[in-house]
Amino acid sequence: MRTATQGNKQISSQMLETADLYWQRLLDNAAELVASLTDEQQQELKLVFGLSDFIATQLCRHSQWIPELFSQNLQNFDRQVFDKELADLLEPVTDEEVAKRVLRQYRNKQMVCMAWRDFLSYSQLEESLLDLSALAEALVIAGRDWLYREMCASLGTPSDKQGKPQKLLILGMGKLGGRELNFSSDIDLIFTFPEHGETLGGRRSLENQQFFIRMGQRLVNLLNQVTVDGFVYRVDMRLRPYGESGPLVVSFNGLEDYYQEQGRDWERYAMVKARALGPWTAESDELHDLLRPFVYRRYLDFSAIESLRKMKGLISQEVRRRKLTDNIKLGAGGIREVEFIVQSFQLIRGGREPALRTQSLFASLKTLLELGQLDYLAVDELKNSYLLLRRVENLLQAINDDQTQTLPRESLDWQRLCYALNADTEMDLREQIASAMRQIHRHFEETVGGNNEEEQTETWTQQLWNAYEDEHAQAILEEQGIDDEKLWPLLNSWHDTVVRRTIGPRGRETLDKLMPRLLCEFTNVPHPSKAFEQVSKVLDQILTRTTYLELLCENPGARQQLVSLCLASPWIAQQLAKFPMLLDELIDPAQLYDTTSLDDYGSELRQYLLRVPEDDLEQQMEALRQFKLSQQLKIAAADVTGVLPVMEVSDHLTFLAEAIIEQVVHQAWAQVSARHGVPDNLKDNEMGFAVVGYGKAGGIELGYGSDLDLVFLHNGSKAGQTNGDRAIDIGHFYLKLAQRVLHFFSTRTNSGELYEVDMRLRPSGASGLLVSEIENFGEYQRDEAWTWEHQALVRARFMFGDNALSVRFNELRAEVLQSPRDKAALAKDVRDMRIKMRDHLLKVDQGMFDLKQSSGGIADIEFIAQYLVLANSHEHKRLSFWSDNVRIFADLAELELLPLANAQALTQAYCYLRDESHRLTLQQKKSVVPIEDVQAHTSIVEMIYQQILGQELGQESEQE
-5 MRTATQGNKQ ISSQMLETAD LYWQRLLDNA AELVASLTDE QQQELKLVFG
45 LSDFIATQLC RHSQWIPELF SQNLQNFDRQ VFDKELADLL EPVTDEEVAK
95 RVLRQYRNKQ MVCMAWRDFL SYSQLEESLL DLSALAEALV IAGRDWLYRE
145 MCASLGTPSD KQGKPQKLLI LGMGKLGGRE LNFSSDIDLI FTFPEHGETL
195 GGRRSLENQQ FFIRMGQRLV NLLNQVTVDG FVYRVDMRLR PYGESGPLVV
245 SFNGLEDYYQ EQGRDWERYA MVKARALGPW TAESDELHDL LRPFVYRRYL
295 DFSAIESLRK MKGLISQEVR RRKLTDNIKL GAGGIREVEF IVQSFQLIRG
345 GREPALRTQS LFASLKTLLE LGQLDYLAVD ELKNSYLLLR RVENLLQAIN
395 DDQTQTLPRE SLDWQRLCYA LNADTEMDLR EQIASAMRQI HRHFEETVGG
445 NNEEEQTETW TQQLWNAYED EHAQAILEEQ GIDDEKLWPL LNSWHDTVVR
495 RTIGPRGRET LDKLMPRLLC EFTNVPHPSK AFEQVSKVLD QILTRTTYLE
545 LLCENPGARQ QLVSLCLASP WIAQQLAKFP MLLDELIDPA QLYDTTSLDD
595 YGSELRQYLL RVPEDDLEQQ MEALRQFKLS QQLKIAAADV TGVLPVMEVS
645 DHLTFLAEAI IEQVVHQAWA QVSARHGVPD NLKDNEMGFA VVGYGKAGGI
695 ELGYGSDLDL VFLHNGSKAG QTNGDRAIDI GHFYLKLAQR VLHFFSTRTN
745 SGELYEVDMR LRPSGASGLL VSEIENFGEY QRDEAWTWEH QALVRARFMF
795 GDNALSVRFN ELRAEVLQSP RDKAALAKDV RDMRIKMRDH LLKVDQGMFD
845 LKQSSGGIAD IEFIAQYLVL ANSHEHKRLS FWSDNVRIFA DLAELELLPL
895 ANAQALTQAY CYLRDESHRL TLQQKKSVVP IEDVQAHTSI VEMIYQQILG
945 QELGQESEQE
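Numbered as in this note's numbering, the sequence shown ends at 954 without a single skipped number.
Keep in mind that the hints were calculated from the coordinates and are not lab data. Check before you lean on any hint, since a few could be wrong.
[To be verified] Derived BS3-like pairs: lysine-lysine, alpha-carbon spacing no greater than 27 Å straight-line:
no., residue 1, residue 2
1, Lys830, Lys846
2, Lys871, Lys817
3, Lys480, Lys507
4, Lys822, Lys524
5, Lys572, Lys531
6, Lys3, Lys78
7, Lys871, Lys524
8, Lys677, Lys161
9, Lys822, Lys871
10, Lys572, Lys480
11, Lys919, Lys830
12, Lys572, Lys360
13, Lys919, Lys871
14, Lys817, Lys830
15, Lys837, Lys817
16, Lys524, Lys507
17, Lys158, Lys480
18, Lys837, Lys920
19, Lys871, Lys837
20, Lys920, Lys871
21, Lys531, Lys480
22, Lys846, Lys480
23, Lys817, Lys846
24, Lys730, Lys846
25, Lys837, Lys919
26, Lys730, Lys712
27, Lys78, Lys155
28, Lys531, Lys830
29, Lys920, Lys830
30, Lys158, Lys103
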């Protein structure tokens, strides 16, 4: 309902009511000031109160800003003065809390002015983006320079070997780097410095890197911390080398080495926008010269196309998974897709075309037109659509200084947008936005190769899907040469069930398009009914999720992989049914079977988590589980199709678990340290915390669905406390950290549990401390541990933690394993434990063999290895090095402690039985087989066990 007019624009009653509420608050606090304004000024002020809660709240709190805004800033806004004004304001400041207040109030004052100018169209969008970016840059650099001055005064000046002072350089990434920052954006930064050296002039010298890490931590806090005045900017440091696990600041050399040796394609993509902030110096030039060869190749870089396609697929996946329908940044046709289109051209052609090496999207679009890479119509559509979405984004955020890109739900906010954008109604504006996003998405689909193949629907499969009579259906199958009498009854029964399901008209239409295409795939497999039985279980779970039906409908590769993988492995079918988001992984078979290399799981996971807000715990936990599930699917797919040798399956599953452990500990650490600080005895970047893997995790032998046997250690032996506001003693801190880690693993989200963790192998078992101080752990192992605990220690392996802890753990483990032992007593202990285990765990029918627990099975082989290590390590110290059985047997043979033929027989039996275990897991069957299938291997194992441990296995238990 329109009730008032401003110029040629109408103002809604809701806007007027909102403005009146704020106006009354202003009159209560600053009546004289309001009276000093002209009628025209009062009218304009009241209007912006109705348009923006942020402007109204700030000006009610800081009414003294109003005259200055009217006298100069609104009409003659000058971003060139930011640096000088901030320098003057901070010059007398010596207290960090005062510095925080100065920065926040200056930010809020300028943001009020920019929001006002935006809502009343005093500036063009491109000018607004430059203003916002210049303000952010000025605030970051002012904070940096103030901290540098303060820290040099107390710690000395960081200098190179010639005594030349060194400064912290800051790379602005993303929209800040491109000078296209939105109103309530967070800022992505990377900190670096030119050369190593140490501070000069302080009471004691400090390495440059340590100085800058401390400075970086304080700068993030200076900008990021929420005070009564709000914050300056949310700061995200996750784009730095090695992400959260890397040092906060690295030297130019460290930066160059990382990008040359380990830089990933997604980091190249991000670096297109990188720009050194602040006044340009020789060091700024040096930094950009150093990064350029990594980002831009000297030739047309078509090698980037495949990784860009992968990124494009990830963008499309995220839109589907998160149902981002009203999101003008991340949704289909959103701001991100324009950025992707432009940066794709920059990556591929920037090496040959220097004009494309710009951080500005607008400049890049102009260059792409001049180079003929995009035609006039495409550039015009992309630019105008982008300008509209960026304008909407800015206004959305300026309403209440919220970091949002989702279109409003409140009618008041739609009225505000319509007023600022000259739209008559919400529907008109929605259509403008939808039209812009459709145009963008069309160009996005065509970038680096679209996926627009239209499949010709097979007539016979349509007839089969729509058949009602058994005779008709069987005749169709016979004509196609499909000899499987169970297929039609299964299909018919499932069709009848689906008809009764409520899946909506769009879902029904999509299913009717999908099924004929999907049925074509069953003609290419040996057992169509067996495959359909598994595939139908997946379809059951996605019938009401039309986006996944559409995914299968539009992607022939995904349909083909769904059928072949479900036929090969019921376990994979179950995973796809439980977690339909995994269907995204089937779209590109080349990617599906390209398993991540063992060394890359950590970096792949860090990249995956960058898409999730750092402070959103729920999304972080969900992302960890989704990453595990998708990587596990890739491993299983490569396993069942023979692409990945079975021997390497456990390696991949174990290294995947290690990458996840690293991120879980980092996230738990961030949470606990934010609340309590960190132990005051730690150096920079240390945690003093370690995760040790036992059992399959320690032996690099994880299987599908394995739990993790873990032990947590710390080295906080000194009495002390954490350095936070809520300080606690160090032991309590590590207990809280361990509890948080376990919480991350065990919490059930939409994607299930991360891993089941078993902590019973820690000192004193379930009654012991959740996390042990490392020297106490060593003392327990030496003085109190039972033989079976030393057997478990043979399989223990350091999986995560500081280098000092790793070294100490390996020393303690070697010391315990190398202790001299009475071999007869040891053999009896090992044998007794094996009998006890078998009596407790072995439950098989006559004539069947449990791969792990039966006589001659996996456990017997493990016990042979453990006994020989414990019996001989004091004389042959190298035996205490490995934690996996295969390499232990190789060492035993080389040392002639085990005949070569026996070592080979045990290794072959062990690998065969493990392979069978993997295979049965993928078939969703128990690890039990007929005895005759394995007797060739197990009889040799029984013989060797009897020779080494001195008792006939068959006499130990009546259960077989």
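Hints that the structure is at odds with (numbers, increasing): Numbers 4, 6, 7, 12, 13, 15, 17, 19, 20, 22, 24, 27, 28, 30, in rising order.
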